[in-house]
Every structure is written in C-alpha cells, then in structure tokens.
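Chemist: Chains as they are written, first to last, in the working numbering: chain A, 1 to 304; chain B, 1001 to 1304; chain C, 2001 to 2304; chain D, 3001 to 3304.
Calculated from the structure, these hints are not laboratory results. A quick note: this is a predicted structure, and the numbers were derived from the prediction, not measured. A few of these clues could be false.
Unchecked claim - Simulated crosslink set (DMTMM-like; lysine to aspartate or glutamate; CA at most 20 Å straight-line):
hint: 1; chain 1: D; residue 1: K3164; chain 2: C; residue 2: E2245
hint: 2; chain 1: A; residue 1: K164; chain 2: B; residue 2: D1181
hint: 3; chain 1: A; residue 1: K59; chain 2: A; residue 2: D183
hint: 4; chain 1: D; residue 1: K3164; chain 2: C; residue 2: D2176
hint: 5; chain 1: B; residue 1: K1164; chain 2: A; residue 2: D181
hint: 6; chain 1: A; residue 1: K282; chain 2: C; residue 2: E2104
hint: 7; chain 1: D; residue 1: K3159; chain 2: C; residue 2: D2176
hint: 8; chain 1: B; residue 1: K1159; chain 2: A; residue 2: D183
hint: 9; chain 1: C; residue 1: K2164; chain 2: D; residue 2: E3104
hint: 10; chain 1: C; residue 1: K2159; chain 2: D; residue 2: D3050
hint: 11; chain 1: B; residue 1: K1164; chain 2: A; residue 2: D145
hint: 12; chain 1: B; residue 1: K1159; chain 2: A; residue 2: E104
hint: 13; chain 1: A; residue 1: K159; chain 2: B; residue 2: D1087
hint: 14; chain 1: A; residue 1: K159; chain 2: B; residue 2: D1181
hint: 15; chain 1: B; residue 1: K1159; chain 2: A; residue 2: D176
hint: 16; chain 1: A; residue 1: K282; chain 2: C; residue 2: D2087
hint: 17; chain 1: D; residue 1: K3159; chain 2: C; residue 2: D2181
hint: 18; chain 1: C; residue 1: K2164; chain 2: D; residue 2: D3181
hint: 19; chain 1: B; residue 1: K1164; chain 2: A; residue 2: D183
hint: 20; chain 1: A; residue 1: K164; chain 2: B; residue 2: E1104
hint: 21; chain 1: C; residue 1: K2159; chain 2: D; residue 2: D3183
hint: 22; chain 1: A; residue 1: K9; chain 2: A; residue 2: E49
hint: 23; chain 1: D; residue 1: K3282; chain 2: B; residue 2: D1087
hint: 24; chain 1: C; residue 1: K2084; chain 2: A; residue 2: E49
hint: 25; chain 1: C; residue 1: K2269; chain 2: C; residue 2: D2050
hint: 26; chain 1: B; residue 1: K1282; chain 2: D; residue 2: E3104
hint: 27; chain 1: C; residue 1: K2059; chain 2: C; residue 2: D2176
hint: 28; chain 1: D; residue 1: K3164; chain 2: C; residue 2: E2104
hint: 29; chain 1: A; residue 1: K84; chain 2: C; residue 2: E2104
hint: 30; chain 1: D; residue 1: K3159; chain 2: C; residue 2: D2183
hint: 31; chain 1: C; residue 1: K2298; chain 2: C; residue 2: D2003
hint: 32; chain 1: A; residue 1: K159; chain 2: B; residue 2: D1183
hint: 33; chain 1: D; residue 1: K3084; chain 2: B; residue 2: E1245
hint: 34; chain 1: A; residue 1: K164; chain 2: B; residue 2: E1245
hint: 35; chain 1: A; residue 1: K164; chain 2: B; residue 2: D1176
hint: 36; chain 1: D; residue 1: K3282; chain 2: B; residue 2: E1030
hint: 37; chain 1: B; residue 1: K1282; chain 2: D; residue 2: D3087
hint: 38; chain 1: B; residue 1: K1084; chain 2: D; residue 2: E3245
hint: 39; chain 1: D; residue 1: K3164; chain 2: C; residue 2: D2181
4 protein chains.
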Amino acid sequence: MIDFKSVLKDIQHTVTQIEDKGEVANYIPELQHVDKNAFGIYLNVIGSEDFEIGQSQTKFSAQSITKVLSLALAVSKNADEVWKRVDVEPSGNPFNHISLLEVENGFPRNPFINSGAIVIADILVSSLKNPKQDFLEFVRLLANDNDIHYDTKVAQSEKNTGFKNYAIANLLKSFDNLNNDVDVVLDFYFHQCSLYMSCEQLTNAFFLFANHGRCLSNKLHISASQAKRINAIMLTCGFYDEAGEFAFEVGLPGKSGVGGGIVALLPNKFIISVWSPGLNPKGNSKIGMSALELFTTKTNLSIF
Amino acid sequence: MIDFKSVLKDIQHTVTQIEDKGEVANYIPELQHVDKNAFGIYLNVIGSEDFEIGQSQTKFSAQSITKVLSLALAVSKNADEVWKRVDVEPSGNPFNHISLLEVENGFPRNPFINSGAIVIADILVSSLKNPKQDFLEFVRLLANDNDIHYDTKVAQSEKNTGFKNYAIANLLKSFDNLNNDVDVVLDFYFHQCSLYMSCEQLTNAFFLFANHGRCLSNKLHISASQAKRINAIMLTCGFYDEAGEFAFEVGLPGKSGVGGGIVALLPNKFIISVWSPGLNPKGNSKIGMSALELFTTKTNLSIF
Amino acid sequence: MIDFKSVLKDIQHTVTQIEDKGEVANYIPELQHVDKNAFGIYLNVIGSEDFEIGQSQTKFSAQSITKVLSLALAVSKNADEVWKRVDVEPSGNPFNHISLLEVENGFPRNPFINSGAIVIADILVSSLKNPKQDFLEFVRLLANDNDIHYDTKVAQSEKNTGFKNYAIANLLKSFDNLNNDVDVVLDFYFHQCSLYMSCEQLTNAFFLFANHGRCLSNKLHISASQAKRINAIMLTCGFYDEAGEFAFEVGLPGKSGVGGGIVALLPNKFIISVWSPGLNPKGNSKIGMSALELFTTKTNLSIF
Amino acid sequence: MIDFKSVLKDIQHTVTQIEDKGEVANYIPELQHVDKNAFGIYLNVIGSEDFEIGQSQTKFSAQSITKVLSLALAVSKNADEVWKRVDVEPSGNPFNHISLLEVENGFPRNPFINSGAIVIADILVSSLKNPKQDFLEFVRLLANDNDIHYDTKVAQSEKNTGFKNYAIANLLKSFDNLNNDVDVVLDFYFHQCSLYMSCEQLTNAFFLFANHGRCLSNKLHISASQAKRINAIMLTCGFYDEAGEFAFEVGLPGKSGVGGGIVALLPNKFIISVWSPGLNPKGNSKIGMSALELFTTKTNLSIF
C-alpha cells in the first residue's frame, strides 16, 4: 500500500525548495496578481480516500483546463459534429498555431489548442439554450459543488486584449468552421476559461474521465469509450508543445492551464490536481510539472 | 513614332477573340454582377495625347489598386513610420499570407498584401482628420476629377464577409502593429477598396508615379525618390503571386485589383489602365494581363 | 479470464472480410511483390501463454518498426547524447518533415521520424565496433532467435532510390547533427530498416518494453524508467501523422512500418504484433490498425 | 553629359570611409582569406567609354553571379525546358528555402535560389558535351577574354562542405526534377560558382543582357525577349531576400555573389560591376550595395 499522505508531504517539501518558480502569466492582466509561492495538491484515489496538501482549497483561474470540460459537454451533446470539425492529432509546431490553421484550411489539429477549443465553444453555443449558464451548471454537477463561478473580470480582461483569439475565430469563420457570431462565441469562450476553481473542485470535476464517464454522483455523462478517447487526447495534446515531454516524464493523461493548474489522472486509479502559478517557458506550471513527475516516480503509478 | 491608336485597336481585336475570359470575383457578392465581356483601355502618353478604347469611361471597383494611392498618401504624411511598420520584400508564398505574418511577428512583407495595406490604413486613420473624406479628396485631386465616389454597398458587403481581413487586423493588433480599433481601421480600409473608378480616372490618378511625384495639375505630393520607390514596389509586389510573371512578361511597374482593373506605367513615358473583370486563377485580370503583354511587345516600351 | 484464442479468431474472421485492404508500399520497389491478403498475429500475454493466428511465422520487412530497437540500443549505450540530439515531441505536420527539420535547425522532433532515426543511426555508427553486425546481434538477443537477417536486396533498393533520406542526412550534416559520413550512416540505416522478421520475432524482440527493460531471457538492457520513456514516445509518435488517431482509437504504445507490420504493447500485460501489407493513406497497415482496434475493444485492455 | 569618371571617384571616396565593411563569407573556407578593404568598379557605358576605379582588374570568386550566365546558356539551349522546370517568382521566405522546395513539390521558385540554379546545372549537364569545359568557353566568349578559369580549390572546398546543396539536390531528385546523378550535377555546379573573374571581366560578360542578347563581339546568344526576361528575374530575384530592398534603393536588374561582387545594368545604357568582399547580414556586399545606391542617385540612371 502506498502511503499517499507522506508522498504528498515529500513532494511539497521538495518543490517548495526549488528557487526558480517560473513566471506568472501576464498576458491576461488580471492573472498576474497571484502569489508565485502558492502551492496545493488535491488527490482522489478511486475506491479509497482523498488526500490534500497546501492551498488545495484556494481558487484560481482554471483557463485551458476547462477545455476538457467543454469538450466533454460537446461530446455528450453531439459527438459526431465534434469529430467532424476538429482533428485529434498533436499540433507539433509551437510557433505558428494560426499558420497551421491556415495551412490546414480551418480544421483545427485538436480540441485543446485555441482554435479547436473555439470550435467546441461554437458547438456549445449552438446546442445549449443558455450557453454560459448551462455550461456552469454542467461543471457544478460534475464537481458536485455549487460554489463554482465565472471570474467575469478575467473574462472581460481577455475580451479586451485577446486579439489573437479574435484572429483565430475570424479565420475559422473565413473557412466556414464557425456557425455563430465571432463575438458571441468568444464571449462564451472567455467566460468558460475564466472559471475560478480550487484543486479540490478540479479533481472532483475530472472524476468522470477516470471513471468510464460517470461523475462523482454516478451519473453517466459520456460513454466509457468517449472517456477513453478524451484521455488519449489529453495525453497527446494536453500540454501545448510539451505534450511529448509530459508523456515522457510523467506518463499520465492531463491538462494544464496558464493559471498554473494541472489536472492529471490514471483511469480507475486516481485523479490529481496541482496548482502553482509560476509557468515554465512553454506555458505549463513549472512547480506543478515537477510535482507530478515526483508523484509518478514515487508511486510508480503511470500508464506506461 | 508609335501609332498608339492602332496599337490599342489591334489589342482590342486580339483579346476580344480570347474565349476563356477568366472568372469574375465572387468572394465579394456585390462584385459578381459585372459583365464578363466588358473591356476598356485608357492610355496617357506623357507629353503627347491620351488614347482610349472600349469601356474606358465605365466605372468599376478599383479594389487593391487603391493600395498604391493610400500608400502614396501615407508616405506623404509620414514616410518614416510607413517603412518602420511595413517591409518592401515580395511575399513569395501564395498560400499562407497569414502564416507569414505570424512567422514574421506582425511585420507585413510589403504594403500591397492585405496585412500591409491594413497597416497603411491604420497610419492614415491616425494621421487624417476625417480619414474617409480626406482620402477621397486626395484621390479626386490626383485624378483632377470630383466625380469619384465610394461604393458603399461593396464596402458593406466586405464588412459582412471579410473575416480573413478581420483575422489579419486582429493578428496585427496582437503584435502591436495596429494602433486604432480593428473596426475603425477596417471600415476605412473597406471604403478605400470600394472606390468606384473608370480606366480614365485611374490613369489620371496614377500620373504622379510616372511624373516624379507631381500629379496632373503639377502639384508635388511625394518626392521623386519616393515615387521611384513606390514604382519599385509595384514591380516586385504589385501582382500577388504573379509579380515575377508580370515583371517577366510585361516588364512594367503596375497594380491589379480583383475588380479586374490593372494600372501600369513607364516612368516619364506613359500610364495605362486596362479593365476586364474576368480573373485568372491568381486573381489578376486575365484579359488585362494579355492586353498589357501585347502592349509592351508591340510598342517595345518596357523597363527592361 | 479473457479467451485470447477466440478473440484472435474473431478478429481474423472480421478483418479478412474487409474488401479494401489498402495499398502495398511501392516506393521501395522490392516491397511491392508481397501478397496483399497476407495476415498474421502473434500475441505474448505476460505471465501466461503465447497465442498466434494466420501467417504469424512469415517474415516481412520490418522497416520503421526497427527504429524502436535502434533507439533502445542507442539509449543503452549513451542516453544523454540521444536526448541532446533528438527531441521527444510529436511532429505534427504531415507534409513537410524536411521543412520542420530546417525550421528547427536540424534538431529532429522525435526519434521515429526519419530525421530522428538517422541521428540515432549516427550515434550507433559512432558507438558500435561493427555497427551492422552488432545491431543484428542485439536484435537476435532481444528476440532470443538467431534466425533474423538483413534483407540486403531491400537495403540496396533503398540506397538506389532513397533520395529524400539522403536529403535529410545532408541537411542534418549542414546543421552539425551528423558526425559520420552521410553514406556510412545511411548504409547502416537502410540495413537496419531492412530487417526481415516475423510477427513472432517482433513480439519477442519488443518484450523488454513491456517488461521494465528486461528481455525474454531476463537480461536488463535499459532501465525501467527508459522503457517507460520509450513507451511514451511510441504512443505519441509511433504512427506518423496518425499518432493521435491511434492513441484515440487503440490506446496503446506501438510502432508501425511500411512493410505492413505493427507492434503494440500494454506494459506488464502483453505484446502483440500484427501483419497485413496493405497500407492506408497515412502509411500504416490498414487491416493491422483495424485488428488492433478490435483487440482493445474486445479485451478492454488499453492504457486509458 | 554625366562625368562618370568623377562619379566613380566620389563613390570610392565615400565608401572607403565607411568603417563597417561587413563580414567576409566564411562558409566556404577558401573565401575567407580575402582582404576586406578591397574595392573596385568597372563600368561600361554603351556607345561611350569604359570607366574603372580601384581593383577593377583583381579577380575574385564570382559565385552566385554565375547563375545568370548559366541561365543564359541553358535558355539558349532549351528555353522551354528551363521554364517548365523552374518558376520565375521571388522566393520571399528568407529562412526556409528547402522548406519552400518541399512545400512546392520540387519546383524551385526561381533560377537564382540554389535549388533553381541546381536544376539549371542539371539541364546544362544534359545538353552540353563537356559541361565544365563548354560552360567555361561560353563565359570566355561572352567576356571576349580567355583568361578566365575555375578556382578548383574553391570548388573542392564547397564539395567538402556544401551539405545543404547536397540536401537540395537529393530533394530535387526525390521530386523527379533532377535527371543526372547528384554528384555529377553538383560537381558542375560547384565549378560554375568557383569562376574567378575581375570586375572588368564580369561587366564584359554581362554586356549581352543590356544589349538585346548580343555579346561584346556582336554574336546573338539569346533573343531580345529572353534578355528582357532574364533582366526581369534579376530585378525581382537577384538579391536573395533583399531583392525588394535593392529594387527599392537602387532600381536596377542585378545579381550579387557571396564573393562580394555585384553586377547591375540598365538596358541600352550601361553595365557596372562592383566588388568589395565584406557582406551584410543578408549576404550581399555591404559596400557594393552602397556604391550602387550612390551611383543611381548621382547619375539618376535607374529603371524607375
């Protein structure tokens, strides 16, 4: 039996000593006022207990992590349309995601790069009655927690400065891969990304991916096969241009966000969320990546 | 002495017999209702007479041809800023102008691809009091003709469908190479492109480039050296991805538009405008290109 | 308990009925004379029995599958140099692997695209006394089978027609990422790819990756951590531009070759090789992919 | 009347005072032992005298300047094949000429980038009896000077280090755009580039391009129309990624080489060669570019 409590303690001990904690994201002005030394983990071991350490209850901006949740909702609504409009291949080129979109005629490489996530947002805007409210309710249901909200200041901040996302959405529209108005889709998308959640809430919300599509309260949202597929995409595409490195070093499906959060999981075994706001040059939480490497090394729990 | 009158007659005779007249542009819905068989030429031989044939007085949508006029106005206002924010190199890659813009960090290759022309529009919006009105007055002054107007239907049509230009403008903004609001700059840009002019008016408006910067009414707008530079850019970048082909076959500085117009010139010698709305696959007037090839072959007037 | 025998039978029954069996590779002339209807599987269930069906003993050209074996040998000799000279990220762009190599200054994206495999070949040429003989002995040792040989006709055939590989090797050399002569490295590389092996031999040779680095005869060749890493690269990069699709549909680390073979594995559980020479448009065995999809669906054995 | 003698003197006076003379090319080891302060001009004013200043008789490595001469010979032998196998468009992208070649399926953008020049070399190898000797005789005939030779040391030096050219030639071969052996074509190409010529000899050799295809001794080598076309390509593609800049600043068809030479011309008017071995970051002679800018500014002789 693994003593998860002391594993988490060891990890905390080790990573808090790392001096270079990376750089807090500043491209969204609202995000940069976070304490760089913040650190928390929340671990759900399926069929056993939950374990937590540090600021596991503190909320932060979930950002790109929410792309997995919006994908799950879109797949549950209309899986066929999702896979017709978005590919599932890693994106490869770090420096030119817009270029790739142009070269590939508006067919995004996968649902986790911005262009893909914006297409998913478009699908949700089309298929939900009250898109923002309905998505929020979906996340609350997954996490079994009603204390989850949008951070409208962050959403507004991105609206004012997210020119690259406007460029992407307009390019998608020029290729007929966006059905709704650019402004409507991006309003939804910026709200989605602004979800303000704690490690505990994220771990709970991701439970279904490790549990064949059934969430904490045992409701089936997506089929086992769909859960497996989303896990595969998390592994190959979940960490921007560091996806290979993460698979290589950690070996778990997962997703990171520029707010400094990372969620990872081993199907049937556990879901873990880590938070530390400083990012490495590739845009993933620096301390979070180290913590997860240590976790799989110490526990020997990885998919490989 | 060249008998220009019969040269133009011969050209008209030859090109009207070409069966495949190309395809009228349909990406701007308003443009597609033009008669494919329309054809006109207006030639100004400096220090001699003017010659015309066919529908030389019929107005059509000048579109990209106006990029040379907006460049001239921007250069007259603030040449330093122009060359700091736009390069003067041919763009090369046909298929990925947005990609190129991304790879080169928002610094457009030249002022005649859309990204470059949008930066020029931004400079004009900043430096003119009433941008749309002032630009219109400038063109009227150049052409010595007050009967020049915007085609607001065409401008509106592009506003509703020009998603690629919105993508470009937002991408420029994300690279800090657009100072004004995207919507304001594009409103100006779409109006600029919608200028409704005849071959005669275009020939007159381009007189200054063949005349060391002095327009028909002898006013100096740009220096002789600036006129020479703009001619160089027309030669190397004036025909989309067919610039090399045009230099190779025709050998004149010039600029085409998707409305089917082409203006070309030989400094100190002549300015010629041709119009035929059918385009070749590269987006240049098919019959217009043939007419200009014939013109330089028959008259032996080319820069090479 | 899963009845693997009938699972394999069912798979054989299903896939032999698929009419479109893909196209046999013809870019290496020697490869195209293979029977398109050939089909075989060899499965090693760790700690249990072996199962086989069809032409599981027939030899075919292993081609790119050998890249995993050469990587394992290079890692066992000099892991530091391997990861200094080759990255571990998916390659993304299907159409321009040479372009990518140029853009990224001669640093191949991963060891399974040709540029990466040629760097690995260069490392082996530097670190082995008799490179071709030593590599052959290594594979025989892994497979516990001395009846494994190079197909020198195929090697020669690639030597005569493999201009793209010569282009890649010279480009690597121009970026100082090839220490030996182009001809020497490619002679080794073409021999490596020409290995002529059966499904049974491939399954046996890949045993170490599912067994923490220990081969069939229990010799430790690479550390458990290195085996885990190579598995991660197989999952993210093992199927050309279909890596994401394979992870998505099958969910196993694996590697394909243009000879029509595929090897896949689940750590601690099993190693499976499939062979059917017809390829899909992405260059992977068409029937082989279907067989593996059926296998993970029927057995529910996947990493996700 | 322009006093060319004092124009050249003024230029020499001005440019010798420029402190930063650029960097002598070192990628071919043999080229780097040249005196950075060397400077010479040789001017042929058609129908008038010749003028020269500085080291106008000193020989240097002509390098890429020879691409215009090999193109002229290939066009005179088989113009149709030339334009079927090479395009005439500027290359645009500075950083990825090999990528461009891959993206465009082995069809080089123009005959002056290396890939295009290697295709021209292939055409000459096919159409000449003794390629190296015949090409040398052609250049001697053009320049009316038998004291022109290959620098075999430089040719050998490139053979040993020109891996990028080997990559290009093999890539061309993989796209079926190279008929002869890579080694044979590159042996010819490296010799061609190694031509050791003075400013005077280059000016004389380029006479035909300013003289409707007739060389100094009045022999017609290419038609007037072909001469015009080659001039157009020189203007749009003669200066690597600085072609636009050169057209913009100088306004003459021309061609530079990494040996520090530049030849430029105004049809019917003059041919001028400048030599100064230090290069600017784009690979063109730094002082040579300045000298030509001064020349067109002072004489007002340009095509625009």
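Chemist: Determine for every hint whether it applies to the structure shown.
Modeler: Hints, one by one, checked against the model:
1. D/K3164 <-> C/E2245: Cα-Cα ~34 Å, so violated.
2. A/K164 <-> B/D1181: This hinted pair holds, its Cα atoms lying about 14 Å apart.
3. A/K59 <-> A/D183: violated, 28 Å
4. D/K3164 <-> C/D2176: Measuring from Cα to Cα gives roughly 11 Å; hence the hint holds.
5. B/K1164 <-> A/D181: holds, 14 Å
6. A/K282 <-> C/E2104: holds, 16 Å
7. D/K3159 <-> C/D2176: holds, 16 Å
8. B/K1159 <-> A/D183: Holds: B/K1159 and A/D183 sit about 15 Å apart, inside 20 Å.
9. C/K2164 <-> D/E3104: Measuring from Cα to Cα gives roughly 15 Å; hence the hint holds.
10. C/K2159 <-> D/D3050: Violated, at about 55 Å.
11. B/K1164 <-> A/D145: Distance of about 42 Å is beyond 20 Å: violated.
12. B/K1159 <-> A/E104: The hint is violated at about 25 Å.
13. A/K159 <-> B/D1087: violated, 30 Å
14. A/K159 <-> B/D1181: holds, 13 Å
15. B/K1159 <-> A/D176: With a Cα-Cα distance of about 16 Å, the restraint between B/K1159 and A/D176 holds, given a limit of 20 Å.
16. A/K282 <-> C/D2087: holds, 15 Å
17. D/K3159 <-> C/D2181: This hinted pair holds, its Cα atoms lying about 13 Å apart.
18. C/K2164 <-> D/D3181: holds, 14 Å
19. B/K1164 <-> A/D183: Within the cut-off at roughly 15 Å; holds.
20. A/K164 <-> B/E1104: Since the Cα atoms of A/K164 and B/E1104 sit roughly 15 Å apart, the hinted pair holds (cutoff 20 Å).
21. C/K2159 <-> D/D3183: Given that 20 Å is the threshold and the Cα spacing comes to 15 Å, the pair holds.
22. A/K9 <-> A/E49: holds, 16 Å
23. D/K3282 <-> B/D1087: holds, 15 Å
24. C/K2084 <-> A/E49: violated, 41 Å
25. C/K2269 <-> C/D2050: holds, 12 Å
26. B/K1282 <-> D/E3104: Holds. B/K1282 to D/E3104 sits at ~16 Å (cutoff 20 Å).
27. C/K2059 <-> C/D2176: Answer violated: C/K2059 to C/D2176 is near 37 Å, above 20 Å.
28. D/K3164 <-> C/E2104: Holds - the C-alpha atoms of C/E2104 and D/K3164 are around 15 Å apart, at most 20 Å.
29. A/K84 <-> C/E2104: violated, 31 Å
30. D/K3159 <-> C/D2183: Measuring from Cα to Cα gives roughly 15 Å; hence the hint holds.
31. C/K2298 <-> C/D2003: Given pair C/K2298, C/D2003 holds - Cα atoms ~10 Å apart, limit 20 Å.
32. A/K159 <-> B/D1183: holds, 15 Å
33. D/K3084 <-> B/E1245: holds, 13 Å
34. A/K164 <-> B/E1245: Cα-Cα ~35 Å, so violated.
35. A/K164 <-> B/D1176: Holds, at roughly 11 Å.
36. D/K3282 <-> B/E1030: violated, 44 Å
37. B/K1282 <-> D/D3087: holds, 14 Å
38. B/K1084 <-> D/E3245: This hinted pair holds, its Cα atoms lying about 13 Å apart.
39. D/K3164 <-> C/D2181: With Cα atoms ~14 Å apart, D/K3164 and C/D2181 stay inside 20 Å; holds.
Of the numbered hints listed earlier, those contradicted by the structure are 1, 3, 10, 11, 12, 13, 24, 27, 29, 34 and 36.
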